[in-house]
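First to last, the sequence lines map onto chains A and B.
Under our numbering, the first residue of the first sequence carries the number 1, and numbering increases by one thereafter.
Under our numbering, the first residue of the second sequence carries the number 1001, and numbering increases by one thereafter.
Hint data in this document are derived by calculation from the structure and do not stem from the laboratory.
One should not assume that every hint holds.
Using 20 Å as the maximum straight-line C-alpha spacing, the simulated DMTMM-like pairs for lysine to aspartate or glutamate come out as follows [to be verified]: (1) LYS560/A / GLU1191/B; (2) LYS85/A / ASP1188/B; (3) LYS284/A / ASP1450/B; (4) LYS1409/B / GLU533/A; (5) LYS358/A / GLU585/A; (6) LYS465/A / ASP570/A; (7) LYS557/A / ASP1007/B; (8) LYS85/A / ASP1008/B; (9) LYS532/A / ASP440/A; (10) LYS560/A / ASP1007/B; (11) LYS85/A / GLU1187/B; (12) LYS85/A / ASP1419/B; (13) LYS1172/B / GLU432/A; (14) LYS85/A / GLU1416/B; (15) LYS327/A / GLU1187/B; (16) LYS532/A / GLU462/A.
Estimated spans, in silico, between C-beta atoms of each pair [claimed, not checked]: (17) ARG1044/B / LYS472/A: 42 to 48 Å; (18) THR1444/B / ALA621/A: 37 to 43 Å; (19) THR1444/B / VAL213/A: 35 to 41 Å; (20) MET498/A / THR1444/B: 42 to 48 Å; (21) ARG28/A / GLY1110/B: 54 to 60 Å; (22) HIS1080/B / PRO502/A: 41 to 47 Å; (23) PRO502/A / ALA1078/B: 37 to 43 Å; (24) ALA516/A / ARG1200/B: 34 to 40 Å; (25) LYS1050/B / ALA469/A: 19 to 25 Å; (26) LYS284/A / ALA1358/B: 57 to 63 Å.
Glycine included, every Cβ here is placed at the ideal spot set by N, Cα and C.
If you want the building blocks of each chain, they are given just below.
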Amino acid sequence: MNAVDILVIGAGHAGIEAALVSARCGYRTLLASMHLDAIGCMPCNPSIGGVAKGQLTREIDALGGEMARAIDATGIQFRMLNRSKGAAVHSPRAQADRFLYEDYMGELCRATPGLSLREMEITDFIVEDGVLVGVRSAEGEEIAAGAAIVCTGTFLRGLLHYGMTSRPGGRGDANAADSLSAAYERLGFTLGRLKTGTCARIDRNTVDYERLVEQPGDEDPRPFSFSTPIEGFDRNMISCWLTRTNEQTRDIILENMDQSPLYSGKIEGIGTRYCPSIEDKIVKFPDNICHHIFLEPEGLNTDEMYVNGLSTSLPLEVQYAMLHSCKGLEEARIIRPGYAVEYDFIPPTQLTPALETKKIRGLFHAGQINGTSGYEEAAAQGLYAAFNAMRYLAKEAPLIINRSEAYLGVLVDDIVTRGVLEPYRLFTSRAEYRLHLRHDNADLRLAAYGLQRNCSVPQIEEREKRIAAEIKRLRQTTGAPSEALNELLRECGEAPAMQAAPLEQILRRPGMTLEALYRLWPPEESLDFQSKEQIEIRVKYSGYLEREARMIHQFAKTEKLAIPDSFDYDAVPGLPRESRQRLKEVRPANFGQANRIPGIRASDVAVLHIYLVKQQRARQAEE
Amino acid sequence: MSYLYSDDTIAAISTPPGEGGVGIVRLSGPASLSIAAKVFVSSRAKNISKGSQRVYHGHVLDEEGNPLDEVLLHIMRAPHSYTAEDVVEINGHGGRASLQAILECVLAQGARLAQPGEFTRRAFVNGRIDLTRAEAVMDLIHAKTRAALRMAESASSGRLAGQLQALANLLKECLALAEAAVDFPEEDLPELITPAFFARLEKAKEEMAALVKSTDTGLLLQEGASIAIVGRPNVGKSSIFNLLLRDARAIVSPEPGTTRDQIEETLTLGGIPVRLCDTAGLRKTEHAVESQGIERSRQAARRAALLLFVADASSEAEEEESLLAEEMRQLEVPVVFVLNKIDLPAVAERKIPDIPFAALCHVSAMTGEGMEELEKTLVSLLAGDLEGALDSPALFRSHQKDSMQRALKCVQALLENRDASPEILALELRDALSALGSITGETTSEEVLDIIFGSFCIGK
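Based on the sequences and whatever the hints tell you, model everything.
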């Protein structure tokens, strides 16, 4: 029997990160996929990042993951979203050459020592006394494994819908994995069903660009990885193109509603509200006929273009009619049709905050199997699950990253505590401490937990010293009103100075920048880009950051109050039945998490706390 | 939000409501002494912030520095206190309303209003209560929560609940706009942070400020409308107080100035809860203790919903009486003029102070004549008051006021900083909603997303 330390099932964005980090840490790792020629495939948007997702990608990088480096190497357009808003919500996004991205990831996986690849379908788990010991393949092969990380995406009982016809499949071009769903059922897991979809890909040679609005990349593109130098980074090679739907598009969709699997009741899985199909948008917002359509090239050497905004499961001929009704797409030719996919997921309240199943030790889940959506969400979970699989094998306490530390922490806590009712996507509005969870400080927040491949803790500490010294200087140096200062203030759109003020205070004026301030009061030694960025953000946001820091301080305390895994909720007198039920289901790791379970009241948690203290004291008395 | 493991400082009134006389405002936590030091002036000018285990005499001052109440302040240093934390107990004499005012003073200085059972919980967690009492603590939390739930349920059918919910919804909708501006920059959304956005919050701010003001009415309804009996010494105030109470609690003697302190009792008049307050006679005096009593009488009169102005029908109106009348007119509290001692020979054409009275009654506290008429008058006046108060929703609990005040602060901060980026506007709105959470329920990010997806066509 073949034996490995960590077995990763699925070579999508979650699987890649899980496998790479395991192998890099010296664990014998096997990456099993049904389609080894599609490692790191982007079956939906050819893009990485976006609001909250961009921050998450930077976090993956800070922890030593690969996604950021891969997009820096294969991206073809880079933009910073939310530029007009505060630095806390700046969000990097990039268009990928999806074929180059797959090549990059495939080559890297094949070249990583300790990582072996196998094309196979895993159909069953081998479990002994509630502990995972191996897996079984469709061919009957058994592989012993210390831990398994399941990253099967949309493949579990995947069902593709093209109009009213449907066929099994995990992706447009790939077979589904039905046996593993059955294995989960045999093991007593609860399964759920979700739906997602994608748009048609059209031939770029059949688009009339004259009639479209061009959307170029940023003039000063910023890479994702902390390891990619900012200076000289320029991978802006293509533009995206904007058009809109119109009244005619709407009429076509409405006339053909009887052919929609979504509205005829054929699709049972629950779809996402933030990623609706065009038929969904028309039905829910009938007055809104003008929807943005972005044409995104899928790569440099391909004719395929992604039609962002036109996700649909209507039949091919309706997709043609819809496209042709839009300005600039009158002659568009479809290369691949859009479709919807339904798939099984394992509701993530069955997981611990380490993403390990509560039922079977050594079995971890990451990505769409947990009901999330998005490449970035998947990759982050893959990395996190692998960290915890390794700790499990090393018999160490799990790595828990909490809500105040990272979007990754928000994501994991949300799904394991609150559960998932529709495919889960990150938004910055889900984070309580948004001003702290910025893309620019992901290294500072997380490097110590990770591999330190892309950024290193000693370097960050050095930088922090420089930053502290410079902020001190800005606080202690006074700027007296002068011709030069008032000239500078005028340039920045600010009122002239009436009296002397610390430089810090001058910098806090909305229009003022550190760069401008340095023209009059240059730093003693020239500072690097990241230091300057940190100084400016920390000075400008200082009051708000301090306010959030106080909240985090309180939050962290309840997170540290652990509830033992063996805690007997039935023994607590006076808990309402529904609360008891929910607590037993989620089995929160600490009092903070207990508090966030939907339906649990503060008084329930208070009673729990007292009961637990009482127990501990009784035990101490015995000893 | 849970306060399981808080190291902040909490405060609450720790005497049950409805009991007259002395009451305690208790503080517990590391900042107890420093907060108490900000509101308390010791009679011997001692700085108490470094004080040790002892009792101080002095006054609690309001924000403008006016004395609120004469108090005894008891300091218990950690771990030698009920909660094993630094504890300060402020013993006041001024009755419920004045305790409430003291509590608000310490909250304004940074204490947080304690959750139900929180002192006991801290005492237990810090090892001050033995195991056998742990169950009792849990019961207490349950009981208080049930009581609060009943309260919430009974209020939920009311107008107040409706208004609070509407307010929370408005804040949520504004938050949804700010969040959408951050989370969906690439969507084809209309302008989100518009003058209309601020106009709605401006309206919310006014409503919130009105609700904070209304708390006094709310507490009044819950804990009884207060009626103060005022008048010159020896006109029979205590006799009337006793008749209304039908017991002999107050000392009645013909010696002027017997009631040097105010005496407060709770009773019901025609089904309306009333706190009746017998005040010391209002007159000029050189006697130190009595002059303090007189000052408290004035304060009681200021807080009352209704004043009984008692005068002696058998003696001529003195100048002091018209001065008193003028003072009461300025309080803008309805005044019932009661001419007592009608059993004695009346003074012909007795002058009556020239201020607008809500009613005029003739009684004899000695024979009881006219008392029934007086009670009827009071009931009809109070009922009218109640109706008026019930017409506009009021906050009923100091918890509610505390929450509303904190929420109001955030909305004010937002409106003063309109050019801020949407994530900053959202921060204020999130904090406002979190402060309101204890009265209207927590706002989850899921709810906000629901509003966004319900209002805008978002997603690709």
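Here is what the structure says about each hint:
{"no.": "1", "hint": "LYS560/A / GLU1191/B", "verdict": "violated (42 Å)"}
{"no.": "2", "hint": "LYS85/A / ASP1188/B", "verdict": "holds (17 Å)"}
{"no.": "3", "hint": "LYS284/A / ASP1450/B", "verdict": "holds (14 Å)"}
{"no.": "4", "hint": "LYS1409/B / GLU533/A", "verdict": "violated (31 Å)"}
{"no.": "5", "hint": "LYS358/A / GLU585/A", "verdict": "holds (10 Å)"}
{"no.": "6", "hint": "LYS465/A / ASP570/A", "verdict": "violated (52 Å)"}
{"no.": "7", "hint": "LYS557/A / ASP1007/B", "verdict": "holds (10 Å)"}
{"no.": "8", "hint": "LYS85/A / ASP1008/B", "verdict": "violated (34 Å)"}
{"no.": "9", "hint": "LYS532/A / ASP440/A", "verdict": "holds (11 Å)"}
{"no.": "10", "hint": "LYS560/A / ASP1007/B", "verdict": "holds (14 Å)"}
{"no.": "11", "hint": "LYS85/A / GLU1187/B", "verdict": "holds (15 Å)"}
{"no.": "12", "hint": "LYS85/A / ASP1419/B", "verdict": "holds (11 Å)"}
{"no.": "13", "hint": "LYS1172/B / GLU432/A", "verdict": "holds (15 Å)"}
{"no.": "14", "hint": "LYS85/A / GLU1416/B", "verdict": "holds (18 Å)"}
{"no.": "15", "hint": "LYS327/A / GLU1187/B", "verdict": "holds (19 Å)"}
{"no.": "16", "hint": "LYS532/A / GLU462/A", "verdict": "holds (14 Å)"}
{"no.": "17", "hint": "ARG1044/B / LYS472/A: 42 to 48 Å", "verdict": "holds (44 Å)"}
{"no.": "18", "hint": "THR1444/B / ALA621/A: 37 to 43 Å", "verdict": "holds (41 Å)"}
{"no.": "19", "hint": "THR1444/B / VAL213/A: 35 to 41 Å", "verdict": "holds (38 Å)"}
{"no.": "20", "hint": "MET498/A / THR1444/B: 42 to 48 Å", "verdict": "holds (46 Å)"}
{"no.": "21", "hint": "ARG28/A / GLY1110/B: 54 to 60 Å", "verdict": "holds (57 Å)"}
{"no.": "22", "hint": "HIS1080/B / PRO502/A: 41 to 47 Å", "verdict": "holds (45 Å)"}
{"no.": "23", "hint": "PRO502/A / ALA1078/B: 37 to 43 Å", "verdict": "holds (39 Å)"}
{"no.": "24", "hint": "ALA516/A / ARG1200/B: 34 to 40 Å", "verdict": "holds (36 Å)"}
{"no.": "25", "hint": "LYS1050/B / ALA469/A: 19 to 25 Å", "verdict": "violated (36 Å)"}
{"no.": "26", "hint": "LYS284/A / ALA1358/B: 57 to 63 Å", "verdict": "holds (60 Å)"}
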